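Protein chains: 2
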Amino acid sequence: MMTTPFEAFSFAKRIPSTPSIGSTTVTKPDHIHLSFGFAAPHLFPIEELSQAAYEAVSLHGRTALQYSGSGGPRKILEWIQNRSLVHGIQAELPQILVTYGSTQGIDIAARILLDPGDHVWVESPSFFSALQAFRAAEAVITSFPIDEDGLRVDLVENALLEARRQNKPIPKFVYTMPTYHNPGGVTLTTERRARLAELAETYNFFIVEDDAYSELNFTGNKYPPLYTLLPGRVIYLNTFSKIIGPGLRLGWMIADRRVIDKARLLNLGGSIGVFTQEILAQLLDRLAFQEHVDQLSQHYHKQRDIMAEAIKSSFGDHVTFHLPEGGFYIWLRFGEAVNTSDFLREAAERGVSFVDGKSFFAKPEGYHYARLCFSYVSEEQILRGVNILADAYFAYEEQRLFGVTKQRHL
Amino acid sequence: MMTTPFEAFSFAKRIPSTPSIGSTTVTKPDHIHLSFGFAAPHLFPIEELSQAAYEAVSLHGRTALQYSGSGGPRKILEWIQNRSLVHGIQAELPQILVTYGSTQGIDIAARILLDPGDHVWVESPSFFSALQAFRAAEAVITSFPIDEDGLRVDLVENALLEARRQNKPIPKFVYTMPTYHNPGGVTLTTERRARLAELAETYNFFIVEDDAYSELNFTGNKYPPLYTLLPGRVIYLNTFSKIIGPGLRLGWMIADRRVIDKARLLNLGGSIGVFTQEILAQLLDRLAFQEHVDQLSQHYHKQRDIMAEAIKSSFGDHVTFHLPEGGFYIWLRFGEAVNTSDFLREAAERGVSFVDGKSFFAKPEGYHYARLCFSYVSEEQILRGVNILADAYFAYEEQRLFGVTKQRHL
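These protein sequence lines map, in sequence, to chains A and B. Numbering-wise, the first sequence is residues 1 to 410 according to the UniProt record's numbering. Numbering-wise, the second sequence is residues 1 to 410 according to the UniProt record's numbering.
These aren't lab readings, by the way, just hints derived from the structure by calculation. Please read these numbers as outputs of a predicted model, since none were measured by experiment. Treat the hints loosely; a few may be bogus.
Given that identical chains are not distinguished, each listed pair holds provided it fits within a single copy or across any two copies.
No farther apart than 35 angstroms at their CA atoms in a straight line, the calculated lysine-lysine pairs in the DSBU-like style are these [unchecked claim]: (1) 302 to 312; (2) 13 to 302; (3) 222 to 28; (4) 28 to 262; (5) 262 to 363; (6) 358 to 222; (7) 262 to 222.
Please model the complete structure; the sequences and the hints are all you need to start from.
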């Protein structure tokens, strides 16, 4: 019956034309995923979770399955409130909104703050799902480099001065991952945090602070969340993905109550998965959380060291990187002429995946970077994976420099 | 430190100024919620769910907690595919997208299809969360009445002819709940379905078909989903909320693969709650679904009859309503001069809540309607609740007609 061609319909302009990140080809059963920013599965609190799930259903099932749940959502708000205090964040319960992971938090922030054509400033590199959300919000994205101390706030300041002088648009918000940056691995210094907060106040923009990795602290060094410096102009995002498990898809937003009220008005899919919240509430009740997080941090710290050593011994002076103080990632910088996208497939065929640099940038740039993730894989896989990756790289290098196609035995 | 006033920042225009529905005052512990479109809690498959939750975690916990899960999401797609066949819907797996309830499905459809200023045509009355989603998409909403046979497709046709003649905007989509309409309780006839599908094809618009209640069939009568009539131009939405439990917040969208691909590009919060999907997959494995749904339908059928009788005996000829063939709701029509919002508080104080008519309309209208829900409450509560509601109404009527303020004993 369909005679009008599909193409005759014009869909919303907001839909991005490409996925935020290319999928990885997996060809071997023992494929090593250095691309996955996944939590280490053996550290999931499975036993407690299994009990929690059973009890949430058997004790509270009839209410847990309704829209509003059985007290679990409130317990989770209270847990977030208490845990936030450890990081210096004071928030009343109506200032906290539970979201489907911090990715939904980013999407909500974009939808609250942005009309089509509005400006967003981001770090380069930045989190690809955030870039995708800003594209879907039809924002104009401008990016600013990071260095060892995080976002170059001085360049942001210059751009703001310039914008004001030339009557050009001030951003609606700056999206930043100040602590254990994904993918950069760097952390914004306390001085730069203070300066960025001052700029937000002076120039009347918001900061969307993505703090997804902050609990995974390898050094004990503490940095004030931007939220604590300017609570009225920071939308703070965090997630249970790294500290419990990403499959829960639960995170949270903390902001001025008036901001949270606006988020609620968007009415995105009704209430957030109450059933999962009931289970999580039971879990948090019985989990020694600080101990759990310390264990995670120690594990990822060790994994980081193993990967850093492996990179040095396999790549020598072909790469540089910042040793991250926390989080999941090492961000490799190759020589300027290298394009990591060009050996992505070669590496996959040899059994290793990583994410190429360009996936993290708003513009076509960053080709000579690559993100390796040390969280999901085992020690043995890190050693083997980095080694294989180096082989793929050197084969690519040889061909690039000398035009030689080596005979490969796969 | 904050010196720039909060009001100096201009938030996105898309944020609606009011919540989609007013909250109900609850003053008594034995308050009767005729407002809640909730499933009957005693029919939740708690025992099976409790086992399912335990097994999902203990058997598949390490993968269930990751982003991609452990086969649960695929099992759910297959379950949806099979169950859809019962309703005549044939869909390949890549045509099915699991969503956070059908409310997220509505939101996604709006974001795929609408740019700000685009036109959406809806029924009056319509589902309030859908209206809210269309407002958040900055759509121009036009509404068309329903009668006993569902949407007045003839009026839609006239408006389309008129729009074409006068070169006025054709809608990007028509949002409809053809089967067991919320709140209207009516069902679109097979003839009107065919005509609506023809119009969508001729005039090149989409139909967003919200089929949330279709499994709750009291009569055995079957109607073809609009999707089966025009698969290329219908976005079909359904949910586990009414058939399993709303707390799961899981639903699905079926559409042309190119539409689903666009939805995926929005990248809304990453993958959908995989952990809940693992549990649901285990549940669906062990649940005799047809038996379960038959039991639900029988129960709600009985509840409908009890409520219909109670309304007739308590309200006499002060109200009219259509006896719904399925679903959760009876939609009361009072005399034109009645404003049901005016005795909402009176009823709440006497211990009964309902939803006033105006909540279901895009424009200020529908004041003389009220929605009663027979799904959540017990038989005894239906009888008592309808009786109390009638008392509140007659007290209001007396005051409205004769200006008498009766002394009330609350």
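Against the structure, the hints:
1. 302 to 312: This pair counts as within: shortest intra-copy Cα distance 16 angstroms, inter-copy 73 angstroms.
2. 13 to 302: Classified as neither: same-chain Cα gap 46 angstroms, cross-chain 48 angstroms, threshold 35 angstroms.
3. 222 to 28: Neither: 41 angstroms inside a chain and 49 angstroms across chains, both beyond 35 angstroms.
4. 28 to 262: This pair counts as between: shortest inter-copy Cα distance 30 angstroms, intra-copy 48 angstroms.
5. 262 to 363: both (31 angstroms within a copy, 22 angstroms between copies)
6. 358 to 222: Only inside one copy: residue 358 and residue 222 sit 31 angstroms apart there, 53 angstroms across copies, limit 35 angstroms.
7. 262 to 222: within (31 angstroms within a copy, 42 angstroms between copies)
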